[in-house]
Amino acid sequence: MADLLSYIVRKLLLAIPVILLATLIVFLILYLYGADPITAVAPPHASAEDLEALRDKYGFDEPFPIQYGKFLKRLVFDQDLGTSVARGTLNTDVSYLIEQKLPKTLQLMAIGLTISYSIGIPLGIYAALRQDTLKDRGVMVFTLVGYAMPSFWLGILLMMALAVYTNILPIGGTVGGLENIILPALTLGLGNAALTTRMMRSSMLEVKRQDYITQLRSRGLPEREVIFKHALRNALLPVITVIGLDIGWFVAGAVVVETVFSWPGIGMLVINSIANADFPTVQGCILVLALFVVLGNLVADILYAFVDPRVRLG
Amino acid sequence: MIAAGKPLLEIRGLRTQFFLHEGTVTALDGIDLTIYENESLGIVGETGCGKSMTAFSVLRLVPHPGKITDGSIKFKGLELMNLTEEQMRGIRGRRISMIFQDPSSSLDPVFNIGSQLGEVISLHQNIYDKDALKKKTIEALKLVRIAAPESVLRQYPHELSGGMKQRIMIALALSCNPSLLIADEPTTALDVTIQAQILNLLKEVIREAGSSMILITHNLGVVAETCDRVCIMYAGRIVEIAETFELFGNPLHPYAKGLLMAFPKLGEQKEELAVVRGTVPNLMEPFPGCPFVDRCDYATNVCERVRPTMVEVEPGHMVACHLYPKGGGWQDG
Amino acid sequence: MRRRKTLSDILAGWRMSEGAKEAIKDIIDRSRRNTMVAVGATIIIVMFSLALLAPVLPISDPEEYVDESFQPPSDNRWFGTDELGRDVFSRVIWGTRISLQVAVLAIFFSLLIGIMMGLMAGYFGGKTDYLIAGTIDLFWTFPPFLLALAFAATVAGGSLTAVIIAISISYWAGFARLMRGQALSVRERQFVEASRALGASNIRIMFTHVFPNCLAPLIVWASIGVADAITIESSLSFLGVGTQPPTPSWGYMLFRGLANLQEAPWMSTFPGVVLLITVLGFNLLGDGMRDVLDPRMKGMRR
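Protein chains in written order, with this note's numbering: chain A, 324 to 637; chain B, 14 to 346; chain C, 40 to 341.
Bound conformation, chain A alone (with noise of 0.2 Å):
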């Protein structure tokens, strides 16, 4: 157990430098948008004093190490992002319009995590334990295509055939209420499922070759028993480390579908304050999907050493 304990230890101190990056990167955005960077974040037709105020509050006349400084003090003891400069959130905090978006992305990816795991993860098995017959070949299509489908055309074509000319689902999630969330869910869900299924077949078909898998057979034990508690556990191994990137590609996948559904989360505001030059909501939506990104690879090793007795030790 304190092997456990100082290998999460020792991973949550990993996770610092990477979230480091992600300020310095998000802050970058801000540092590097034009000439006067104060244009970005001061409202249109600010006084020359409003002006003044905010060049002392954001410390542009600052070396840029000192402006970095003052950028992450803010940050973690006041959690201030800033404030909107878009037109229709004026000096709303960026920190209220993200916490007001942020349920909307959580529950999203969450509804698209199930979906991938559960359609990726039984579908991968099927297709290993009927390795080379015609049934494997038609998962391994399956997951060809899914995985070269780009989300926002998957999105389209779900769209087409659940909504425009079926009418079984309502075309756009602007409501977010629970039917509109099946789409952008689905859509989120079986790109990713594709990716499960590939990695979940190739790793059971691995383990299947494993000594140890003869060795069990060799004592007797029903096929079910070798195959769902031994090589399943070991064939669950792969997939559970990239749950991280997996978490990343949902993070990534979400901005995108959200804008093709109009799913009022996270993804949908930073296209929105982009499109709108709204540049402090566009650094605070980062940060805060690149925190997603980092969580999502912790939970992973620390599931992963939950489940692999081996990775303790290392």
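I should point out that these hints are in silico values taken from the structure, not numbers from a laboratory.
Zero decoy hints are in this set.
With a Cα cut of at most 27 Å, we get these calculated DSS-like pairs of lysine-lysine: (1) B/LYS216 / B/LYS155; (2) A/LYS552 / A/LYS458; (3) B/LYS216 / B/LYS89; (4) A/LYS531 / A/LYS552; (5) A/LYS552 / B/LYS148; (6) B/LYS19 / B/LYS89; (7) A/LYS458 / B/LYS80; (8) B/LYS19 / B/LYS87; (9) B/LYS216 / B/LYS148; (10) B/LYS149 / A/LYS552; (11) B/LYS143 / A/LYS552; (12) B/LYS216 / B/LYS87; (13) B/LYS80 / A/LYS531; (14) A/LYS458 / A/LYS531; (15) B/LYS149 / B/LYS216; (16) B/LYS19 / B/LYS216; (17) B/LYS147 / A/LYS552; (18) C/LYS166 / A/LYS334; (19) A/LYS396 / A/LYS334; (20) B/LYS155 / B/LYS143; (21) B/LYS147 / B/LYS216.
Fair warning: this is a prediction, and the values are worked out from it, not measured in the lab.
Fit chains B and C to the given chain A structure using the hints.
Frame of chain A; chains B and C shown alone:
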């Protein structure tokens, strides 16, 4: 000991083939072999000669795309080839058990020793009570001379040494008192110092349990120390069978002679290592004659064309070679 | 000057290896028999031909309003027209040109960055390695699309160059990881020690020994990288931060198609199908080549 007990396992005409894209590989081509009760039989041969495949065939665990295409395997008179998969599972681990070459890759890495051992014991002895099961697993570990069984139960394979893992493998194999233990190169992957320990342990536990053992190895030294009889395989066929003492003193088949020449005797300083020249025939193409013909110093025309049959030259000493035409035909010893 | 020298070094490295010719012949043989490679390569050749021939093909100007708006597909306008009366077929073909141009250049620059970083980290080891490996891992953690979005949103204007740069600096980490791993393992091998003893310089060793050894996986991952880059480019232009109108780009065409999904489904269907086929082609080639070159090579992103 003299091979005169009751036959335990009788293999007749066993043929195992692999169906690959490139063609059919005949890994075992008509194996005839009998193992008696209370004996240790060594199977010796170079890599790829089919010795491991014989073991997998007996348990009917030939890996895909391999298949047993012909022959009969009788265990205590019971024809294994006719059993359903379900019935076969009752044989595996309970009546015939196996030990594998590399203990590091033969234990499931994500379960601890206690649960892997407990699973097998509970399956074959129908013990479901936790405490009773734990007692049994500890007994099984004590049987293979593990000093601190309680703590080993909680450990995972990666936390144990190779020798320790092989002990556990033996404990797994013997936990249900099988009549036959097949040990496939049980010491090859271990340190030299551990090899002798494991071999001695195997000999002892087999004797205590009154079981028979098939020991598969490429090391004649291991055979000399452990086995009552030796069977030498070459290119998917058996070329010579004899009692260990007899074979070491009087090898008949040119291949066996070559092997023994390569094997340094105690205290002997070899100036040059006898190398058996030539290569093993391609098992994908059927050949009519003796598989050893290309490498044999005594090969004649007949060796190219006619497959040699097993001849009993001395009582219990059989060889498949045209150099020994006497007697003629197969005689079961 | 230096560049030419290193290139000939690479060739020398290839010539030196025993049985290399036979190995290459074997690879070509196996590639021919691999369906994935065959299908992928065919798709890629067709797409590249269309992209190169776009200016001379008898198709209308992709930015010109040639017909009425929202014309469904017909004998004359195979893919119909869009909301401004532009020919969708012509725009899809010109879109191929833009897409491939961006993706191939972006992956070329990613490869350059990745190979240099990976070789330096893997070869020099020590503190250099520690520093570079850390940077690689940081970039590796983030999905390239997210990074590219952040970069593309920063660089105002959204020119083609901006998109190419955004993708290049987001995607290189995978290549760098690959190179670093291989460089580390090659470094341990005897023949590098041997050539060092003979007085070969570090740079020379890197290019003659490490680089040829990494060629096979690089070909595979570059192909899959182009597929990823096409997806990233089209996603960026779908979101309005990539290639800017009126330049014909699949992503932006799909964005306009989404707005007119009910009236003119052909506006999104055709670019979408061609986009999917192109991405599929590069993925198939990559996957197929991986099976051909080394069946054990698995587990990078995707």
